Amino acid sequence: MAEEAPKPEKLAQVDYRPPGRDWRDPAVELRKGTFCYSAAPKHLEYLGLPNPRPWQPSDADWKLPADWKQIILAGMKDRLERFRSFRLFMDICVRCGACADKCHFYIGSGDPKNMPVLRAELMRSVYRRYFTAAGRLLGPLAGGRELTEDVVKEWFYYFYQCTECRRCSVFCPFGIDTAEVTMMGRELLTLVGCNINWILEPVANSYRTGNHLGIQPHALKDSLDFAVGELEEMTGIRVEAPIGKKGAEILYVIPSAETFGTPHYYTLLGSLLLFHAIGLDYTFSAYASEGGNFGLFTSHEMMKRLNAKIYAEARRLGVKWILGGECGHMWRVVHQYMDTMNGPADFLEEPVSPVTGTRFEHARSTKMVHICEFTADLIRNGKLRLDPSRNDHWSATFHDSCNPARSMGLIEEPRFILRSVMNRFHEMPENTIKERTFCCGSGSGLGTDENFEMRMRGGLPRANAVRHVRDRFGVNLVACVCAIDKATLPPLLEYWVPGVSVAGVHELVGNALVVEGEKERTTDLRGEPTGAGARAAETPAHE
Amino acid sequence: MNVLGSLAVASLLAGLGFVGGQVAGLRPVFGTLIPYAAFVTFLLGVSYRILVWMRSPVPFRIPTTCGQQKSLPWIKSSRLENPSSTLGVIGRMALEIGLFRSLFRDTRVELREGPRLAYGEARLLWLGALLFHWSLLFVVLRHLRFFLEPVPAVVNVLASVDSFFQVGAPGLYVTDVVLTGALGYLLLRRLVNPQVRYISLFADYFALFLLLGIAVSGILMRYVVRIDTVAAKQLALGLVTFSPVLPEKVGPLFFVHLFLLSVLAAYFPFSKLMHMGGVFLSPTRNLANTSRMRRHINPWNSPVKVHTYEEWEDEFRDKIKAAGLPLEKE
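Respectively, the protein sequence lines represent chains X and F.
Residue numbers 29 to 571, in my numbering, belong to the letters of the first sequence in order.
Residue numbers 2 to 331, in my numbering, belong to the letters of the second sequence in order.
Hints listed in this document are in silico derivations from the structure and should not be mistaken for laboratory results.
Please read these numbers as outputs of a predicted model, since none were measured by experiment.
Among the hints, a few may not be true.
To be verified - Taking beta-carbon pairs under 8 Å as the criterion, some of the chain F residues facing chain X (in silico):
#, residue
1, P58
2, F61
3, T66
4, S72
5, A95
6, G99
7, S103
8, D107
9, P116
10, L118
11, V197
12, R223
13, I298
14, W301
Claimed, not checked - In the DSSO-like style, the derived pairs of lysine-lysine whose C-alpha atoms are separated by at most 30 Å in a straight line are:
#, chain 1, residue 1, chain 2, residue 2
15, F, K306, X, K91
16, F, K273, X, K70
17, X, K181, X, K70
Just so it is clear, CB atoms sit at the ideal spot from N, CA and C, and this is done for glycine as well.
Work out the full structure, taking the sequences as your base and the hints as a guide.
Here it is in C-alpha cells:
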C-alpha cells in the first residue's frame with residue numbers, strides 16, 4: 029500500500045485555498061488512499077447491528093435501507109434529547125474559524141471540510157433544516173441543508189476522517205468538541221449500516237474473545253509464556269505472568285497489542301519485569317484481555333458492551349483494584365465513561381499501592397489507576413533501582429497521546445518517569461505537546477492500510493515536530509503511552525522522518541530497571557546492544 | 002451572495018425603521034408595539050432555548066482537559082485549565098467568559114518549504130472579539146441612563162470614565178469607537194480571510210450588519226444628527242414603565258436605531274447569538290475533571306447486551322482447559 033502512496037515531497041504540497049464550489053454541495057470524491065473500506069456483513073450480524081450487506085464506499089449504490097432518511101432523522105432527534113453536548117454544539121457555533129487550522133487533517137490536506145467548524149457544519153446544516161423553526165421555514169437561507177444520500181456519503185467520508193482527538197475543542201471559545209459531533213455522526217451512520225471494517229472487526233473480536241485480534245485464551249497464554257521466556261533469556265530472571273488468578277490483589281488490563289505487536293511487546297516485557305521487581309500480586313485476564321475499546325468509535329452503547337468485561341472480571345476474580353496499561357483511547361473510556369456506564373465499582377477497594385502505601389485518591393470511585401501514575405509513585409518513593417545509562421542509546425522525546433492529554437490530563441507522570449529512566453530527553457515545540465498535542469493521524473479506528481495517504485496527511489504535524497527535535501537534538505526515539513501510536517507512528521515516521529523509532533514508556537523503564545538477581549544486561553528489551561553510540565550508525569545525517 | 006443578501010436585508014430593515022418613524026400612523030407600531038413584541042420574543046425565546054438545553058441531560062463527564070490532572074500529591078495540578086473542584090470550574094468559566102481564555106490560545110499555522118510547519122501567534126481575533134464584547138457591555142450599561150430616573154451614580158461614573166478623553170462635545174465615548182472598530186474588524190476578517198469567508202453563512206453577516214446598523218445609527222444620533230435626548234428618554238422611560246409615549250421630537254434616526262434593536266432582540270433566540278447563554282453550559286468546560294473520583298450519573302444509562310463471562314467460558318472451555326488456565330466450571 030505504502031508503495032502506491034504519493035511521495036512525501038508531493039504530499040507536502042498542500043493547497044489551502046478554498047475551492048470555488050459552495051461547501052453545501054455534498055458531492056465527495058472517494059479517492060483511493062483517503063477512505064476506509066466497509067465493514068464485512070458478518071461482523072454486523074454478530075453484533076446485531078442494522079443493515080448488514082456487502083457494499084463498498086466506492087460503489088454508486090450504498091444499499092441503504094428504504095427508510096434510511098427517517099432512521100437518521102429519528103436517530104438525530106433521539107440523540108439531541110439525550111446529549112446536551114450534541115444539542116448545544118449544534119446551536120452555539122459562531123463560525124469564528126479559530127478551530128480551522130488546529131486540525132491535523134486540515135493542516136495535512138487543505139480540504140476545507142476538514143476544518144472542524146465545517147466538519148460540524150455538515151451535521152449542523154441538516155440539524156437546522158429539520159430541527160429548527162428558522163431552518164424549516166427558510167431552508168438554505170437559514171443555513172439548512174436537505175438530507176440526501178450524497179450527504180450520507182459525505183458524512184461517512186468526513187466523520188471517518190476525524191480522529192476524535194479533541195484538539196479543536198481546546199481552542200474553541202465555547203469548548204465545542206468535534207469529537208462529540210463525529211461520535212454522533214458515526215452513531216447515525218451505524219443506524220443505516222455504514223461502518224468501516226477496521227473498527228467493526230476488532231469490536232466483534234473483542235466482544236467474542238475479549239480482544240481486538242480475536243486471540244483465544246490458549247493463544248494468550250502462549251504469548252505471555254513466550255514473553256516470560258524471552259525475558260529470562262535477556263535478564264536471567266524468570267517472572268510470573270498469571271492469567272485469571274483468583275484473589276490476586278490487582279487486575280492488570282492492557283491493550284492486547286502488547287502481546288503480539290512490536291514495539292508494543294517491549295512495553296509488556298518492561299511491565300512484567302517491573303511487577304516482578306516490586307513483587308506485585310496481580311493477574312491478567314483472558315476474558316478482559318483488551319483495554320482498548322473500539323466501541324468508542326462506534327457508539328456509546330457499543331463502548332459500554334465491550335467495557336463491561338473489565339468490572340465483571342474484577343468482580344469475578346475478587347481483586348482489590350484495577351491497573352491499566354499504556355493505551356490512549358482505553359483511558360478515555362476508563363476515565364470518562366467506565367464508572368458512569370458500568371459502575372458503581374463498590375465491590376472494589378480504593379486503590380492503594382501495595383509497595384508505597386500511596387492512596388490513589390483521584391481514582392477512588394472508578395478504582396482504576398494508570399500504570400504511569402503507579403510507576404511515577406514508585407520512583408518518587410525510591411522503590412526502584414534505576415540505571416538510566418542503560419537507555420543512553422536512545423535520545424527520546426515524548427508524544428502526548430490525544431486522549432490521556434485532553435480527556436484526562438496525564439501530562440507530567442510519563443515525563444517524570446522518562447526523566448528518571450533515561451539521560452537524554454527533549455521536548456517537541458510547545459504548540460505540539462501536552463494539551464496541544466497532535467494526533468498520530470490514525471486514531472479512532474482509522475489506522476488501516478487502505479487509508480494510508482490520509483493517515484500520512486493527518487500525521488504530518490506530529491511527524492514534523494518530531495523532525496524538528498531529530499534535526500536539532502538528534503532525537504531517535506518517540507516515547508508514548510498509546511497502543512495505536514505504537515502501531516501507527518512507526519510507518520508515519522518512516523514516511524516523514526526516517527530514523528526515528530517508537531517505544532512505550534515502560535519499555536524504557538524495563539531497560540533501566542536494576543532487578544535483584546539479574547545477570548549482566550548487555551542488551552535492551554529489544555535484544556539490541558545498549559550504551560551511547562550503539563545506535564549512532566542509525567542516526568541519519570542531518571539535512 | 003451571503004454578504005450582499007444580508008446587507009440588503011439589514012438595509013431594508015433600517016429603511017423600514019426610518020419610514021416607520023416618519024409616517025404618523027406607523028409611529029405607535031414602531032415606537033411601542035414592535036419594541037414590546039421584540040422584547041417579549043427575546044425573553045421567552047431565550048428562556049425557552051436555555052430551558053431546552055438545561056433539560057437535556059449531561060450523560061457523561063467529558064471536560065476537555067488543558068493541563069495537568071490532579072493525581073499524585075507531589076505533581077502540581079493545573080487548577081484552572083484542568084479543574085478538580087467547583088472553585089476551579091468557576092475560575093475556568095470566569096476566564097473563559099470574561100477573558101475568552103480559549104480564544105487566547107489561538108495560533109496560526111503555516112506550511113513552509115521542507116516541509117516545515119511554523120506556528121505563529123494569532124491574537125487579533127481574540128483582541129477583536131474581547132473588545133467587541135466588552136465595549137458592547139459598556140454601551141448597554143451606559144444606556145441605562147435612558148431607562149432609569151434618577152440615573153444611578155454607577156451609570157454616570159461609567160459614562161464619565163467612557164468619555165475620559167474629553168474629545169468634542171458631547172464627549173466622545175471610547176466604547177463607541179471601539180465597538181464600531183471591533184465590529185468592522187470582525188466583518189473585514191470574514192470578508193478577507195479566504196477560509197473564514199468560505200465558512201460564513203448569511204446569518205454570520207446578518208448579525209454583524211444588524212449590530213453595525215445599531216451602532217452607527219446610535220453614533221450618528223449622538224455626534225452628527227443630534228437628537229433630542231430628553232425626548233428619547235421620555236420614550237424609553239415610557240416603555241419600561243408601561244405607559245408608552247411618543248414625543249414628537251424624536252427623529253427618524255431614532256426609529257432606525259430602535260427598530261434595528263427590536264429586530265436584533267427578536268432574532269436573538271433563533272440565532273447563533275445564543276452562544277451568550279450556551280457558553281455557560283458547555284460540558285467540556287463547566288465540569289470538573291473528577292471522573293475517577295466521583296461517579297457521574299447518566300439518567301438514561303442504556304441497558305445493553307453483553308457477552309458474559311459464563312458465555313465466554315462455555316465457548317472456549319476446551320481451549321482454556323488445554324492451556325491449563327483456571328475455569329469456573331470444569
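Evaluated hints:
Nearest Cβ of chain X to the Cβ of P58(F): about 6 Å, under the 8 Å cut. The hint holds. The beta carbon of F61(F) comes within 6 Å of a beta carbon in chain X, closer than 8 Å, and the hint placing it at the interface holds. Annotation: interface hint on T66(F) holds; nearest CB of chain X at approximately 4 Å, less than 8 Å. For the restraint placing S72(F) at the interface with chain X, the shortest Cβ-Cβ distance is roughly 5 Å, inside the 8 Å limit, so the hint holds.
Look at A95(F): its Cβ only gets to about 14 Å from chain X, farther than 8 Å, so that hint breaks. The interface hint given for G99(F) is violated, since its Cβ lies 12 Å from the closest Cβ of chain X, which is over the 8 Å cut-off. Interface hint at S103(F): satisfied, since its Cβ lies 5 Å from the closest Cβ of chain X, which is below the 8 Å cut-off. Residue-level restraint check for D107(F) holds (minimum Cβ-Cβ distance to chain X is 5 Å; threshold 8 Å).
Hint status for P116(F): holds, given a least beta-carbon distance of 4 Å to chain X, under 8 Å. Annotation: L118(F) was flagged as interfacial toward chain X, and the flag holds, the nearest CB pair being 5 Å apart, inside 8 Å. With a least beta-carbon distance of about 4 Å to chain X, the hint placing V197(F) at the interface is held under the 8 Å criterion. Annotation: R223(F) was flagged as interfacial toward chain X, and the flag is violated, the nearest CB pair being 28 Å apart, outside 8 Å.
With a cut of 8 Å, the hint placing I298(F) at the interface with chain X holds, because the nearest CB-to-CB distance is about 7 Å. With a cut of 8 Å, the hint placing W301(F) at the interface with chain X holds, because the nearest CB-to-CB distance is about 6 Å. Simply put, K306(F) and K91(X) have alpha-carbon atoms about 27 Å apart, close enough for the 30 Å limit, and the pair holds. For the hint pairing K273(F) with K70(X), the CA-to-CA distance comes to about 44 Å; that exceeds 30 Å, so the pair is violated.
Taking the CA atoms of K181(X) and K70(X), the gap is near 22 Å; set against the 30 Å cutoff, the hint holds.
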